[in-house]
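**Q** Now for the letters of each chain:
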Amino acid sequence: MSASPPGVLAAALAERLGQRARWRPIEIAFWVAAVASVFLLPGKHIILAEIAILALFALSLDLILGYAGIISLGHAAFFGFGAYCAGLFAKHHLINEPVLALGAAGLAAAALGFVTSFLVLRGSDLTRLMVTLGVALMLREIANRFDELTGGADGLQGVGIAPVLGSFAFDITGHVAYVYALAVLAILLVLARRLVHSPFGLSLRSVKGNALRASAIGIPVNARLVAIYTVAAAYAGIAGALLTQTTAFCSLDVFSFERSADLLLVLIIGGTGYLYGGLIGAVIFKLMQDWLATMTPQYWQFWIGLLLVAIVLVGRERMSRWLDAARGLVRLR
Amino acid sequence: MLTILFDGIAYGMLLFVLASGLAVTLGLMNFINLAHGAFAMAGGYAAVVLVNKLGWPFFAALPLAFVIPALAGLLLERTLYRHVYTRPHLDQVLFTIGLVFMSVAATDWVMGSQQVFVQLPRALEGRFEVGGVGIGRYRLMIIVLCGLLTIALQFALARTRFGSRLRAAVDDPRTAQGLGIPVNAVFSVTFAVGSGLAGLGGALGVEVLGLDPHFPLKFMIYFLIVVAVGGTSSITGPFLAAIVLGIGDVAGKYYMPKLGAFAIYTIMIVVLILRPQGLFSRAPGR
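Residue numbers (the numbering used here), protein chains in the order written: chain A, 979 to 1311; chain W, 393 to 678.
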């Protein structure tokens, strides 16, 4: 390898990257199933829309946790910020068209992510945990205190969402909501795929592997972390905006610690670092939550906690080895 | 004004006793334990049940509010926690969040979701004036009790054989083990005492902080602030941080109710950015 001229090396690299980025049959099957669910499960569209939103949110956490190794206990900060932005845009008729409002909320969340990303660059895991958690709690306090604007603890009332693209109005059955959320998820997943399979994505993985060595081979570590944190914040903001738009409501709950903690569980169930973990985790988590909530309406959190403890005690490495074995059978990777 | 200062100090002292166990596990043993509040809640509910249901005197219930969470802590440390000490921080976070969720739901199931109160002895109710400063009897008791505990804790860590063994075990477990220090037993006892102190703090705090099943989640951030801002190299750092936090919180709620907890979080973030090792650490920041 070392003897080959740079051009040949670059071509070989490009080919490797291209191979990694190729669509696998199982991925295509996943999306065929998703599209089929639109037609085959018309009665389930409300929960399916929730799943799609949660999946997008988990995808966003995967970008920073799975690809950059940043542990966040406050990812709901961006989710909530996007949710309130979308709610306020619609309520005050600033941006009526949902898709445009979605983009604007995403940009706003990205700006917040960019600013706060400098806070997570420094310090140990503990400092990062505290700072991310602190940012989420701070935003929650702000939303709580400025109740003339946000409705405080009552939530943002009277949010009327205009029809998507001017022609598809949200309905009570959740058909439009689901198709809309699924389409947004698909588009953003394709973008995320391009991102992580690009040289930029590879450099992120090297930063996660060993930040010191990555900087030694010339990767600007901090700039990479700021960039991915900003992108992840935008994704989370869009997920939050989707929630507001599909439910026409937004409450302080979007910033809650439980939301950030549940999100970690979603991603851990699905597995980190291959983009589909968040999607698979969201499906499993929501179905499980639905099932547990019908069995024990008040205490389902107990079982979520038990699952977290069990996952850690069994060991994530061992679980991902089982998953790898399963994936080896279906060749997702 | 001085009354607020007094209340703030009492609140801070209480926070310190609640968080001191965490200062050791998180600060010294570098284990991210978000479930610390669950032990405090166990102590609080133990006191409530003993006093209200069984008719024990308040002061007789306090030792049990220490012993019960300490035993629970010992049991959990022996069975579960020990496997997670050497794991990555993400695992520790997930594991302890799981424990918090379980404790919240279980408490809700057993005790109900409403806020509970504890019947105080007559002697502790009301307040008296000293030179124009209103002093609550209960808060005075907290200050005295927690002050004594702090001195005892500092003494135990700095002066006793156990304290030096603990510090040795934390600095370098392998070498300490080689020197014949029973590292695992030292960690177990430390964890149990920390949980017990949290329980005692929880029992004392029922009157001041309130108690309901969501206690571990509500106060998690406060415990973490005490430890993270106070720094992890000594017990005095968290103590000072707890006092400052207590006074700041009480004064903030009194003078600027609109801002509320906002100021606390802001200060925490600023401190963590400027001094990631904590305010009062002896090691240079970074």
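Mixed in with the good hints there might be a few duds.
What the hints assert, rightly or not - Quick list of simulated restraints, FRET-style, between CB atoms:
no., chain 1, residue 1, chain 2, residue 2, range
1, W, K445, A, F1017, 56 to 62 Å
2, W, E517, A, G1133, 37 to 43 Å
3, A, S1193, W, L666, 49 to 55 Å
4, W, Q506, A, R998, 35 to 41 Å
Unchecked claim - A few chain A residues that face chain W, going by a derived Cβ cut-off under 10 Å, partial list only:
no., residue
5, M1108
6, R1123
7, L1127
Treat the hints as calculated values from the structure; they're not laboratory data.
A virtual CB, placed ideally from N, CA and C, is assigned to each residue, including glycine.
**Q** Take the hints in turn and mark each one as holding or not.
**A** Hints and how they fare:
1. W:K445 <-> A:F1017: 56 to 62 Å: 58 Å, holds
2. W:E517 <-> A:G1133: 37 to 43 Å: For W:E517 and A:G1133 the Cβ distance comes to about 39 Å; the hint holds.
3. A:S1193 <-> W:L666: 49 to 55 Å: 23 Å, violated
4. W:Q506 <-> A:R998: 35 to 41 Å: 55 Å, violated
5. M1108: 5 Å, holds
6. R1123: 6 Å, holds
7. L1127: 13 Å, violated
In terms of the numbered hints stated before, the structure departs from hints 3, 4 and 7, listed from lowest to highest.
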